[in-house]
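Student: Chain by chain, the residues run as shown.
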Amino acid sequence: MTRFRTITVHPDVSGSALAKRLGPEKLTGDSPKIHDYRHGKRNLFVGPARGDMFHLCASLDPRYICCSTHVIPHISNCPFECTYCFLQNYLTDTTLSVVADTRVILDEVRRKTSEQPWRLFRIGTWELGDSLAVPPINTAAAGLVEGFREMDNCILKLRTKGARVEPLLDLDHGGRTVVSWTVNPREVIVREEIGTASMHDRISAMKLVAAAGYPVGLHFDPMILFDGWEKAYRDLVQEIFSQLHPGQVIWISVGSLRFNPEMKRKIEINYPASVLTAQEMVLGDDNKLRYLRPMRVRMYRHLLQCLDAAGAGECFTYLCMERWNVWEEVFGRFPKSIGHLDYLMADSVWRRFPGMVRNRPEKERYLALEYPFKGIGK
Amino acid sequence: MQRSSLSVEYLRPSELLEGHQPFGFSLYLKGMGLWDRDRLFSSLDRRGMLSPLLVHGNKKEGTFRIIDGFRRAEWAVSRGIAELSCLALYGLEKTELMVLVHEAQAHVVRTAALKATFLGFLEGNGVSRETMLSDFMPLLGLPESSHLLKNYLRVAGLSGEVLRFGHEKGFSLKKLMNLSYYREKLVELFFASAPGLSLSASLVEEMLGNINDILRRDGISPEEFFAGQDVAGLLGSDMDPREKTRQFRQMVRRLRFPGLTGIEQDMEAARQRFLSGGSFSVSWDPSLENRALKVSAVVKSPEEFQCLVADLGRRERADGIRAIFSHL
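Protein chains in written order, with my numbering: chain A, 1 to 378; chain B, 379 to 706.
Don't read these hints as lab results, they were simulated from the structure.
The model shown is predicted, which means the values in this text are computed figures rather than measured ones.
Glycine included, every Cβ here is placed at the ideal spot set by N, Cα and C.
Just so you know, not all the hints are guaranteed correct.
[Stated by the list, open to error] Computed footprint of chain B on chain A, listed as stretches where at least three residues anywhere in the stretch have a Cβ under 8 Å from a Cβ of chain B:
no.: 1; region: 255 to 269
no.: 2; region: 272 to 278
no.: 3; region: 293 to 305
One chain only, chain B, in its complex shape (with noise of 0.2 Å):
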């Protein structure tokens, strides 16, 4: 087996920076806007660069690639270093490389959102479909599954935008694959509205399901869903992110759900009008399947207890039980 040659070179970082990175998986973190560049400047200012960057050379043109150390090549260029040891590897097949980039990288590529960025990262460099499933899917722990690393790359298919979401918030695979069957423009234009917004998995997952589903039952275009007055006025406004969301929230299920929100309204109408100010309280089956009531109360003496059947007993709390049964 051909063994790989290494040397220490002395070179430009503003020319390490030029030009195509095929080994760049750090500047698809930088594009997703995972790179914490004012940490890591601070600290090389304070301490300087205590490790040589990783490069790998090729003799007969006499270039470089960097494959470990980007950000150290910009803080570099930034503080006006002319130049920077590095560690210089020659004779390296590309899956050598790539195990090489990940090593780099594996303590940052940990959730599945960056799992299948960095598998997309590898298809893009032109890594086969066998290769990650025998030296890659291993390396980042996970099983070696063709049906795995479709979804993998189907989810890495995802805008850099969702990615980082889906990192930021430890979405699972299942979850990012729910994502990457809407419509790509639905799920760029609502993330494009998720800055002002204070969003969950959770949240996401209910709302952008409801509002695929509105378009495919109306017939319309995420373009026209989110330039509608009501939407594109309420996300807009420079309304606290958690009302925002809570409004927002509320006004997709009124369009996804009219007719139980109709129902639901006229129903806490009722409760409002003839069932509030009373030590007891009413609630329902909210998807008005079970045709019942529930009516609690605590009573912590027996003339508490007089007191509620009393009050149950007042004409306009019969009213109101009759009004909501109506609906059940």
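Chain A extracted, bound-state conformation (with noise of 0.2 Å):
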């Protein structure tokens, strides 16, 4: 906690229990509202929640195949800095803040899941933040993961580059929470993600948490290319792989990067040694610069081949944000809508974790399920 210039507790919530863990030091008040990225990212900010705290993510769009997964908006920014990060270019309060109110959230879900008990909601707290980067925010994800014990239409995705699990391990979870980690060969870590954990932490923290039961998902993405990476790429595979079993695996995500053509010159501004918008990219319909096509495409192969190799080939794996022909060159197949992978993912966790879902998914439910719009854009 000493990390943190400042710590400021807004009064609405100074007798949480987070609160409470916070030092002698803290302020009382509302948030410092600082601007500057890298200055928000040192001063602390404890709140209460506002307006509506779940959600469906927000990448949903109809040209991409969508994981559908929901979120709540428990953290705002991060102490880590990876140069490829949106959020320097997204937040207008940079102040790192974390919502006290564990309950509201907890309540606001119980009441959203409840009206679809036949669906497996998987509500991630990560899309403002790392879940779990320093304390006091990982002891604030304990709380969440105690609440979501209960809910049996839920699982609640915490998701990391840190390796500080330790305020899950004694929990009582019920096995309703996956602890997932963003996984990089070194060269990445070291160039692009300032800050985070090694490799070899947060596949020493993968194990403590799988010791723990949980299930623990994986994202390789995004996925970036340098000299080497197809090497670097299989020996993270393998090295996850020697060290945890597929069956602890819940799910893998593949994607690669990917960011809005205003974020480049931020990045060059934020990290002029950085030389990723310098690789070869193209605009994508959803106004995200990607790699060429064909080189995600073998950038994917690649990593499943290595995932094959390791003995991984059982865990489920998709694309993030990707379009149908992409999947189709990578897998030979792709959802046919965005219920659709939501139905496979919840038919996976149904056969591989027994349990965790209450009833076989019936995939008619999901494939009627309504976004704002219907299917996969062609």
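Hints are included, so try docking the two chains, each in its own frame, into the full complex.
Tutor: As structure tokens, then:
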């Protein structure tokens, strides 16, 4: 906690468990509303929940296949500094903020998910920050873990590039929380994921949570090109699965570097040594720059081969924010709709992790799910 | 409040032009090549000087500095005129003097490039940022925003050549800001090539952005890029500026997007070989993201339609479509 320059607690949540754990140096008041991206990372604000806290992932786009994760913006901004992070071009108030009203969040999740008791909701806290980066963020996550224990049609998804999992280990999580890691080769972590845990430490933390009974999620996203990327990703997969049994891994997502054109300049200003933005990329329909499609397909196929070779072929593996034709080139098939992918994920959990899904997922119900659009836009 | 005094003085133009010129904003414009000297001189030759020079006098030292009238003074020197009538002001403060300088140049200082140049001129003359914000931003038609002022002053640091180009092309502040992020040497070398090229604002943005990315990706300096055999050979040729620009743009694009341009070439070759000469056209998403071909045709009669169908049914057409799809 000493890493923060200031810690401010909103008076409405001064009695919360999270606020009570903070040291005597904390201030009381409203968010300092910092605008500088880096400065905001060093100042913590613990506040109440504001507005609706439960919604679909903002990446949803009809032209791309989306896993339809739901999110609760429990955290905003992140103490780590990934050069490619979209937050540097997104947040207006960059103060690292954590919502202390765990009960309010849980009530809203419970109310909204109870409307579709047959459905498995995957709910992440990482949309605007790292779920477990440092104390007290990781202890705040513990409150959610305990709250999700009784929600039998929900899975809480924590996602991190850190290794601070201690507060989770002794919790009664009821098997309803997945602890996930964004993973990348050492070369990427050192150059582009500044301040995050090493892969060795991440894997050690994976083993700890797996031993504590949590399913583990893996996100090879964003995959990044550099000289020697093929060997580096092969070594990475081997390193992970030499320590982790595929049966402990609930799902694996794969995606490649992408960012909107406005971000390019931001990255170049904030991280002049990074050459990420100088790579060959094209602008997609969703206004995001990505590597050329043939290159992405090559990267994804390579990773799948590595996963197969490491014995992880049984894990449910999907592409994040990719087009149907890329799915087809990589897997030889593609989900027919966003609801279809939602179903495939629920079905995989039902088969591979007995008890996490109450009833066998009904395909037709998932296919009939209504989104702002239907089907995959081709 | 102490008021300034004024008098009419008859001064030697050659002496006025000597030494440091603290109010010489128009000399900045001259340095940028923005003086239409011939036009003004011929007007002065025809009608003579219609208005006196405006100068600031220092009574103690007996010296005068031009506030408005540098070009008229140069004309007078070139025509051998010994004395000029000048309206001399005394006892003005720096800010007041700069307001007068602005008034004299207000008709010129309209583009973002020249507003930036003027603010840079003020800063060079020790005008504080607070005064720029309160007194000069409104005079320039700008909001009193310190962030905006910071951006204008950043742009003012661009070379005169770049600012002149930005002025002539009517670049917005945002476009100028974009130029200010590139390495100084890159911008300098690019604009050194500009006289032989036919450049628009968007072309400058595209090409500089692409070259900058090439330098960063390949770890080479701007000097190395522009000295490269292909680049130097093309830019040094006496080709028509439009054609030279087209070829330079293509060259930069090929270097920046080697994968994409390679695939484009293959697809274009397939189109030429298998799909040309018909009454239809074939196009695709140049980003290669969408796996779709657009085949379009206009028919004016049922017979033309039958011919089109027969043409599309030919084996080489199918081969062409297959060849293009192999890249999509």
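Student: None of the hints should be skipped; say for each whether it holds.
Tutor: Against the structure, the hints:
1. 255 to 269: With 3 residues in contact (Cβ-Cβ under 8 Å with chain B), the coverage given for the region 255 to 269 of chain A holds.
2. 272 to 278: holds (count 3)
3. 293 to 305: Holds: 3 residues of the region 293 to 305 of chain A have a Cβ under 8 Å from chain B.
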